[in-house]
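Protein chains: 2
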Amino acid sequence: MTDNDKVQVDACFSPYLYPVYRDSESIVVIIDIFRATSAICTAFEYGAEKIIPVATIEEARHYKEKGFLAGAERNAVQVDGFDFGNSPHSYMGDIVRGQTIAITTTNGTQAIEAAKDAYKVVIGSFLNITALCDWLLSEKRSILLLCSGWKNKFNLEDALFAGAVTEALSEYEPFRFGDACLALKYLYRMAKQDPIKFLNYSSHKERLARLNLKKDIKYCLTPDQTRVIPVLKDGALVRMEVGVGV
Amino acid sequence: MTDNDKVQVDACFSPYLYPVYRDSESIVVIIDIFRATSAICTAFEYGAEKIIPVATIEEARHYKEKGFLAGAERNAVQVDGFDFGNSPHSYMGDIVRGQTIAITTTNGTQAIEAAKDAYKVVIGSFLNITALCDWLLSEKRSILLLCSGWKNKFNLEDALFAGAVTEALSEYEPFRFGDACLALKYLYRMAKQDPIKFLNYSSHKERLARLNLKKDIKYCLTPDQTRVIPVLKDGALVRMEVGVGV
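Respectively, the protein sequence lines represent chains A and B. Those letters in the first sequence? Residues 1 to 246, by our numbering. Those letters in the second sequence? Residues 1001 to 1246, by our numbering.
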């Protein structure tokens, strides 16, 4: 297989930069490890039916007023008057089973909004990483790993996850990798023995530690808690399980 | 010294993303290792008086018609009818001594254009890295390492240089580092024993290798060939030497 026959895998470090990487043929993987995409994967694992990502608190409130469950987070804190923030632990248990939930977050839902017209938009986190990589491999289509970052700036934990996906895919022939993926693969290799220690000096880790969210951090870095891959369909996230088309 | 007393050092991977990092108080270091900022440092080392970075080929041609030397590069190739492309080797020797040169390149001059209103804009490359870091340390002011990338996408060689600067500054107390710098510092540590080998799979390295530019690649990765730090003043780059104000 020559390099020209291979499909491109690249990483983009900010929703703001997405227009530069936009390609209508690519699968876009949305990444917001601390904590939106981890929370979304958790909600589906616990039986949520549908998640509607919205960009503003007003839109989320609108859904809440119509009787839906609704989550809203800004600056790592749950907004008053909502059922959830973006802690994965709040989406565990019977409360989410069978429910449709509207969510708005500082970064993750903004990244979904930016990429909504892509060929396919899926949600990635360490919690579903193996299922995600199995599915990406089966699709053999170009991939953009879209890191949500923090207020459009690069962040370490999303980059680390993009590196983990690159590492997992790099042993397979159909893929060629952009420079960002090459850099992140090395980063992940350095960090994988102890990602919590590695992230110890990251900006968002400090932000979450101040908020006493160590339990969330540890959970969000735990691989393979679910086989569900949330996928965007008609403006809402629904469940896809590997091997089952949507 | 508490973290709040320290000055921020961060890295931005694309001129397109600069508005997110813009801060009128920061020094911006423009980075385009292959090859614009390496060529600019070389021209000053060989005695160039002034370099006028321009965004378009038309503007560069305008200067040429007025009797100035002019360089123009697009897609790593010298544009017909100009004195130079962006190979550092073409800026060596008596031809540049005492001259004012207009330059336009695919990436580097676009980054200068994006950041032109910053507190101070300087040119960084491996060729002047120690002089640059000495000066940054003496300024004790917030720093943005602005990677030119390739057509607004992340590239490995600019990231590597930003990592080298981070590594050099990280032993000094006045600085605290953003997530991007932390990631790049690790990348640089992994690469520094043999950066040419490390860059072997980067996209631009392949692009340059196809053009038979191995000599340029090796030179652009060679530290400390000059003590000059080019600095933007009234729209043109002029020389600053460490210890001498502008």
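Just to be clear, a hint being listed does not mean it is correct.
Stated by the list, open to error - In silico BS3-like cross-links for lysine-lysine, where the CA-CA straight-line distance does not exceed 25 Å: (1) B:K1140 to A:K6; (2) B:K1197 to A:K151; (3) B:K1197 to A:K153; (4) A:K197 to B:K1006; (5) A:K6 to B:K1151; (6) B:K1050 to B:K1197; (7) A:K151 to B:K1153; (8) A:K151 to B:K1006; (9) B:K1214 to B:K1233; (10) A:K233 to A:K215; (11) B:K1218 to B:K1151; (12) B:K1218 to B:K1153; (13) B:K1140 to B:K1151; (14) A:K153 to B:K1233; (15) A:K153 to A:K140; (16) A:K153 to B:K1151; (17) B:K1192 to A:K192; (18) A:K233 to A:K140; (19) A:K153 to B:K1140; (20) B:K1050 to A:K116; (21) A:K50 to A:K116; (22) A:K120 to B:K1153; (23) A:K233 to A:K120; (24) A:K66 to A:K151; (25) B:K1151 to B:K1197; (26) B:K1116 to A:K6; (27) B:K1214 to B:K1151; (28) A:K153 to B:K1116; (29) B:K1192 to A:K197; (30) B:K1120 to B:K1192; (31) A:K140 to B:K1153; (32) A:K233 to A:K192.
Bear in mind the hints are in silico, worked out from the structure with no lab data behind them. A quick note: this is a predicted structure, and the numbers were derived from the prediction, not measured.
25 Å limit on alpha-carbon distance, applied to hinted pair K1120 of chain B and K1192 of chain B: Violated, at about 28 Å.
Distance restraint between K6 of chain A and K1151 of chain B, which requires alpha-carbon spacing of 25 Å or less: Within the cut-off at roughly 22 Å; holds.
Distance restraint between K1218 of chain B and K1153 of chain B, which requires alpha-carbon spacing of 25 Å or less: OK: K1218 of chain B and K1153 of chain B at ~23 Å, within 25 Å.
K140 of chain A paired with K1153 of chain B [C-alpha distance capped at 25 Å]: Given that 25 Å is the threshold and the Cα spacing comes to 23 Å, the pair holds.
Holds or violated: K1214 of chain B to K1233 of chain B, with C-alpha atoms at most 25 Å apart: This hinted pair is violated, its Cα atoms lying about 33 Å apart.
Hinted pair K1218 of chain B and K1151 of chain B, Cα distance within 25 Å: holds (23 Å)
25 Å limit on alpha-carbon distance, applied to hinted pair K1192 of chain B and K192 of chain A: holds (21 Å)
Satisfaction of hint between K192 of chain A and K233 of chain A, Cα-Cα up to 25 Å: Violated: K233 of chain A and K192 of chain A sit about 33 Å apart, past 25 Å.
Proposed proximity, K153 of chain A with K1197 of chain B (alpha carbon, max 25 Å): Judged against 25 Å, a Cα distance of about 29 Å means the pair is violated.
Distance restraint between K1140 of chain B and K6 of chain A, which requires alpha-carbon spacing of 25 Å or less: Cα-Cα ~47 Å, so violated.
Hinted pair K153 of chain A and K1140 of chain B, Cα distance within 25 Å: holds (23 Å)
Holds or violated: K1214 of chain B to K1151 of chain B, with C-alpha atoms at most 25 Å apart: Measuring from Cα to Cα gives roughly 22 Å; hence the hint holds.
Comparing the model with each numbered hint stated earlier shows that hints 1, 2, 3, 6, 9, 10, 13, 14, 15, 20, 24, 26, 30, 32 do not hold.
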